[in-house]
Amino acid sequence: MRYLPHTDADRQAMLQAIGVGAIDDLFRDVPEGLLLKGPIDGLPNHQPEMDVERHLGRLASRNLPAGAVPSFLGAGAYRHHVPASVDHLIQRGEFLTAYTPYQPEVSQGTLQALFEFQSQVALITGMDVANASMYDGATSCAEAVMMAFRVTRRHKAVFSGGVHPHYRDVTRNLVHFTGGTLEEHDPDPRGAEDLTGSIDGETACVVVQNPTLFGHVADLSALAEAAHQAGALLIVVVTEVVSLGLLPSPGSMGADIVVAEGQSIGNPLTFGGPYVGLFATRQKFVRQMPGRLCGQTVDADGQRGFVLTLSTREQHIRREKATSNICTNSGLCALAFTIHMALLGETGFTRLARLNHARATALADRLGEIDGVRLLNEGYFNEFTLELPGNAAAIVERLAGRGILAGVPASRLYRDRPVLDDLLLVAATETNSQDDIDAFAAALAEEIAR
Amino acid sequence: MTKQTMNRQGRPSQAGGTGAEAADTMATHTGDRALMVEEKLIFEIGNPGSCGVDLPDPGDLTPRLGGLAPREGIGLPDLAEPTVVRHYTRLSQKNMGIDTTMYPLGSCTMKHNPRLNEKMARLPGFADIHPLQPASTVQGALALIEELADWLRTLTGMPAVAMSPGAGAHGELCGMMAIRAALEARGERRTRVLVPESAHGTNPATAAALGYSVDAIPGTADGRMDLEAFKEKLGPDVAAIMLTNPNTCGLFERDVKAVADAIHDVGGYFYCDGANFNAIVGKVRPGDLGIDAMHINLHKTFSTPHGGGGPGSGPVVLSEALAPFAPLPFIVSDDDGLKLIEHVGQDGHGAESFGRMKGFHGQMGMFVRALTYMLSHGVDGMRQASEDAVLNANYILARLDGTLSVPYPGPCMHEALFDDGFLKGTEVGTLDIAKALIDEGFHPMTMYFPLVVHGALLVEPTESETKRTLDRFIETLAALAAEAGTEAGARRLAGAPYFTPRRRLDETRAARNPVLRWTPEADLAEAAE
Amino acid sequence: MSTVRYSEDHEWVRLDGDIATVGITNHAQEQLGDIVYVELPEAGRTLERGEEFAVVESVKAASEVYAPVAGEIVELNEAIVEDPSLVNASADKDGWFVKIKVAGPEALEGLMDEAAYKAFAEENG
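Residue numbers (the working numbering), protein chains in the order written: chain A, 8 to 457; chain B, 12 to 540; chain C, 5 to 129.
Possibly wrong hints are sitting among the right ones.
Claimed, not checked - Result set (EDC-like, lysine to aspartate or glutamate): computed pairs, CA atoms no more than 16 Å apart in a straight line:
#	chain 1	residue 1	chain 2	residue 2
1	A	Lys44	A	Asp32
2	C	Lys64	B	Asp517
3	A	Lys291	C	Asp96
It is worth saying that the hints were derived from the structure and are not from the lab.
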């Protein structure tokens, strides 16, 4: 067994040094009859690498990779090109196999990268401070609402119908246990929602997504003003961070907390996880922010260095009174984000955003030409909503059979909303070529004509 | 024939030379020392206009941004690829990792992270699939999740498992949410949760997050939870006991079955914190102990990499009583194959689910890695791994007993707990020993946890260490303990570490004046100095 | 003439007339280590004896501070929020936390005098 260094001779020598005759003597605290006599039935024994590879390879081959066909899926996860350097660097053993940087003297690599990450997130969101990441965008959103409850000492959150339903569901679940309420607004495929009338003196926060699930983009300044007048916080959700390279930042529009899914930068699709939740806020709220934080300081020789800080907010110290029960961050995914963002820089990030928007406009124009297909968006970034002349899920299934991954039917995300059954969410990124767009348009036209 | 001329360019090839200076006092012009270099922040080494990615020209953009003006000036630095690669490579060289160093962090299970895991996770059939693709195009992914779930159910002897929680603490939240949902379904609203004093902070934090008040149960003189004290705190208002087994002192809770019976007698539930599962995989099935829920840390027990702080994965095995309340989504099988149940009541499934815990389906990347590990080790290999983990910890405990102070008599499970009693009368504390260990080429053990002993040193070697490394570790700790007793030694230890990229860092300053990001003003201030 | 008393939670109270100044003892600040942050309540709040009213944070720990006397909070010491190191430097003087208006001298009943507190601190660590 290649992962186990001991030989039987080693084991014997060690048992002797301990002063016992057999390994089960060390398990003597296990209650009578509960120590298993041999390996558990029904599971295979150890295998050589090549056999394991064959097994996993077979499982992998039963999936259709999004890159193998024209693919236009979004709705919270986006296919972008990650430069080869990123994956190569995160696999360095000193990054991959290190633990949380609790011994900062030997973790300056991780810590400096986290400080760079926090700085990048603050810049792109237009906020003052960011944490060292959370599990994903949806859990970050739930944590943001909890934070708003703490800061305002109120317990009602107004939740826009433009926010991704997974984010809403995760938030609803967490809020349920704190005695808070979520005022959930209906799905808003046409981008017509106005939340200002829903804000009152009991509102802790208003949660909106920009661009929305359906792709609509908006100036949130007026909403921010209305929230602040009522003493409430504005929480802005971003599921496609590449949009921050082109759209005005949520911070510039008056957001108090910004939460985002960082997957688009540095991290492949991987069927939904692991991803990386971004969390940024204003300086005055920093002690209420959940999650890990990396801070700058000096060492005994006066040299600049980095440490985890403000840990007293966290579970291992505050225990019952912690800001959250969260323990980990999404370290390696945050590192991948940082490295990819470093490679892009100002020049590349802004260009990438423009490229995504250009692809999306080309796609929208091409699909809009198809008889019976209606584009619901006036504005969008790289994702928009089409109204099809028929059940979107059925059309998507047929197109999948033809080797086109056509986007996400709204009915996948919403249940018992027949009014949404004909809606299709379509995204385009820099990875979609003109050939992809043409193939999609042709196939869709044929399926509709049937 | 040409005459061979003598090569007059010989050079000395023996070590030593004419220089008399010792290496550690010698100065260099840059301040760097060969491979040990100072590395600035990316914001300080940017070169505006350069770029590390080649992207096609977007062309002239007529923006369709609903009237919003495109953003100007984010403030990110521009860097080319070689600069970025060198920067992060150099940063990596400032870290200790399992790949470079023995890393005996108690309760973290820093075992070897196999690279086969990484290779398999990067197969396009796993890495390049979108979570919302039609089920017909991802049958292999769904089958993998089911196969891993089957391993987890079988290894624990539990009937059900929730795969979606994103980390250990998230798994705790899942298990406790299921318990609360089960109680609500019975029409009950209980208010208390019992947690041993020795528990990890996530336990009371999770209970409090769900609106429970937390009662701490004291431990006994032999390091277990006090069963009598536990029974005294029981009542019909107790929702659950959250017990770590093996516990945070590295000991098996002998009374675990009595605990299970007692909590069930009052209609409550048994949540088991599975952080220390590595001690008993293949040796004991937690399901046989009477638990109702247990989270499993794939990044501890099942070798998925710690990545400098994540990502983890925290699936939760569930009893029959709790299974109906498991979160969304989960996988079912029908005539068309495998599919995801993502909504309450979808196709008649998940009617009582308490809802969704995170976006999408769970940490698929970690599932691939964990299954790769399980298939490689096999059930016989994992049993042997647990035995070796327990053997290694007991070897350390036995050989250091008498040199370091042992608060609870052995045998231990996969981790050995010491306290700072052996430093009494010296000027040296647990922290100094840990920092001195770094200079000796070891990552320190867990310090100051669990809180139930003073100045705790919790050592978990895992099954991945050789006997030679363990012997070296033991001898080093003994030498440091002896040194702590001398005046000169205490002074030396107080200043450790000496040979690291940074010496001890001022954490007070970091907390009093938090600087959590780079700013342009900070850069100008530094330039002015 | 002011009277000083001590609680078992390591707080001190100095009563002048009906105003009680409250802080944590020097022993407490030594145990906590470098204090990095203090969270004070709002003025005007009424406290019961033993009620938690403030939090003191060091790098590795957060400790609650409990009211040794009952009454209304009439003044806060913003200086320790600005500069938490003041609590370390001068715990029993400039590092005071709040001033509480009490009913009368009976508010100090049950608290320890200096000698008793010294003995208590030594015994209990």
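Now for the hints, and whether the structure bears them out:
1. For the proposed pair A/Lys44 and A/Asp32, the alpha carbon gap of about 13 Å is at most 16 Å, so the pair holds.
2. Between C/Lys64 and B/Asp517 the alpha-carbon distance is near 13 Å, which keeps this suggested pair within the 16 Å criterion.
3. Note on A/Lys291 and C/Asp96: the hinted pairing is violated, with a Cα-Cα distance of about 30 Å set against a maximum of 16 Å.
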